[in-house]
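Colleague: Chain by chain, the residues:
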Amino acid sequence: MDIVVLRGVSFAYDGTPVLVGIDLTIKEGDFLAVIGPNGSGKTTLVKVILGLLQPAEGKVELFGKPPGSLSDRGRIGYVPQKATHIDPYFPASVEEVVGMALLSESRPRAAAGRERRGRVLRALEVVGMGEFGRWPVGRLSGGQQQRVFIARALVTSPKILFLDEPTTGVDAETQTSFYDMLDRLNRQEGLTIVLITHDIGIVNKHVTSVACLNQRLAYHGTHAEFCRSDVFRDMVSRGDHLIAHEH
Amino acid sequence: MHALFAYGFLQRAFLAGVLIAVACAVLGLFLILRKDAMIGHGLAHIAFAGVALGLFLNVLPLVAALAVAVAAAIAVMRLKDRAGLHGDTAIGIFSSLGLAVGVLLASLARSFNVELMAYLFGDILAIEPIEVVLTLVLAAAVLIVVRLNYAKLLYMTFDRESARAAGVRVGRLDTLLMVLTAVTIVLGMKIAGILLVAALIVIPAAAGLQVAGSFRSAVRASIAVAVASVAGGLGLSLALNIPASAAIVVLCFLAFAAFSLGKRGRAIRPGPG
Chain A
1 MDIVVLRGVS FAYDGTPVLV GIDLTIKEGD FLAVIGPNGS GKTTLVKVIL
51 GLLQPAEGKV ELFGKPPGSL SDRGRIGYVP QKATHIDPYF PASVEEVVGM
101 ALLSESRPRA AAGRERRGRV LRALEVVGMG EFGRWPVGRL SGGQQQRVFI
151 ARALVTSPKI LFLDEPTTGV DAETQTSFYD MLDRLNRQEG LTIVLITHDI
201 GIVNKHVTSV ACLNQRLAYH GTHAEFCRSD VFRDMVSRGD HLIAHEH
Chain B
1 MHALFAYGFL QRAFLAGVLI AVACAVLGLF LILRKDAMIG HGLAHIAFAG
51 VALGLFLNVL PLVAALAVAV AAAIAVMRLK DRAGLHGDTA IGIFSSLGLA
101 VGVLLASLAR SFNVELMAYL FGDILAIEPI EVVLTLVLAA AVLIVVRLNY
151 AKLLYMTFDR ESARAAGVRV GRLDTLLMVL TAVTIVLGMK IAGILLVAAL
201 IVIPAAAGLQ VAGSFRSAVR ASIAVAVASV AGGLGLSLAL NIPASAAIVV
251 LCFLAFAAFS LGKRGRAIRP GPG
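Going line by line, the protein sequences match chains A and B.
When we follow this note's numbering, the leftmost residue of the first sequence carries the number 1, and every step to the right adds one.
When we follow this note's numbering, the leftmost residue of the second sequence carries the number 1, and every step to the right adds one.
Derived pair list, reagent style DMTMM-like, types lysine to aspartate or glutamate, alpha-carbon separation capped at 25 angstroms:
| id | chain 1 | residue 1 | chain 2 | residue 2 |
| --- | --- | --- | --- | --- |
| 1 | B | 35 | A | 87 |
| 2 | A | 205 | A | 30 |
| 3 | A | 159 | B | 161 |
| 4 | A | 65 | B | 161 |
| 5 | B | 80 | A | 14 |
| 6 | B | 80 | A | 87 |
| 7 | B | 263 | A | 87 |
| 8 | A | 59 | B | 161 |
| 9 | A | 205 | A | 234 |
| 10 | A | 27 | A | 180 |
| 11 | B | 35 | B | 161 |
Calculated directly from the structure, the hints in this document are not laboratory data.
Okay, chain A solo, but in the shape it has when bound:
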């Protein structure tokens, strides 16, 4: 099943083109890495898919509908680039942050409250943060905060998860366990994942497909084919944050 379909999508900020003629399909179960240099339009692409930005040209479909008219937003999990740039003095507990995504409750209040808390705690368990529910989120490390934001994105049981540069400022050890967790969610839970990064090396072990973006979509295909492609060779020759990983 196609979850995301883009046909001829273009977008410009104040007349400066950022995305040009993008054709992209993301299928259920994909673990897609969107890579490209700074300013290549990666974040803009995700915002267009989510309906946060309107394309100047082309067609976008999310679960078969234009993103703006998608009523069940719980099918989407999103962790924006600046998620961890939160106000450290914001008085929110970890449970409150994860529960923010559960916006609509139609059940009686007490039952809804119990069910909400159960879902929040389960989402925290999935990301290994089950013991931190009552901690103020501002007191956690960057890596722990990132896990909390993933839990918030997972609490609605989404079908697709968008992560924008999720490991920026996170130490190498935490990054490894973080990507192992994404691997597990993709392979065991069948979660479709779209991961934006400018570091192709770190994702080599995990993703099933790669989209290489630099305003235009320079490459979209399986990871194995990507490693044999001219685009990959060009990136190697430029030294674009490449780390050799065995697939």
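Following the hints, complete the assembly by docking chain B onto the known chain A.
Modeller: Just chain B now, with coordinates in the frame of chain A:
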């Protein structure tokens, strides 16, 4: 009979004051965390123009102030969006204009008198019975609307982009928050006064933020400070014949100072708040 009426009237005024205090405390938390703490101050100045307009046109000043403040709140939001103004520039423009228009109208109506002073500095004994009823109804309405939108307001305040992606209509909520603040400021001005009512938005919420480890506990602490200050300030005003607005603000500040000192006394450590 008169004493009984006065007693019942005061009870209703106290109740109105408590409801306004709760609304101010909750709205204040959202506004401070959005870095919009001075909006209350600006809207109070704008409400002054409404009061002067009411006195000029000889209509109930509270109603005129509500209309002007709500209209200005919406205008501020539009100006921010369309003119691309930075931060609180729009509120700065409108608050100055509000004060200027208020002074002009009051001058034209020759109404720089005791009634205007009651609005500037607050006078709970000058509240008309109809104003008490209006205040009770509108303050309750503000609290109900906040409760219904609480989860969305919290999500938007904490992480605007994720809230948008989750389907929260942040632009509408921005305007709603401004309108609710405008209504609350106008309702509070007869108790705390135009010049001091903004303190009820800022200080209790700032005090609550000193001790809170969660948003829920921040709400509870802020409400406790606001209600205690309003009730205590009104009580002190009646007992000692001092201005209620000043007593309320001083009590708010004392609570803030106590919470701040208490926070400084505790070592900051990782762990549950």
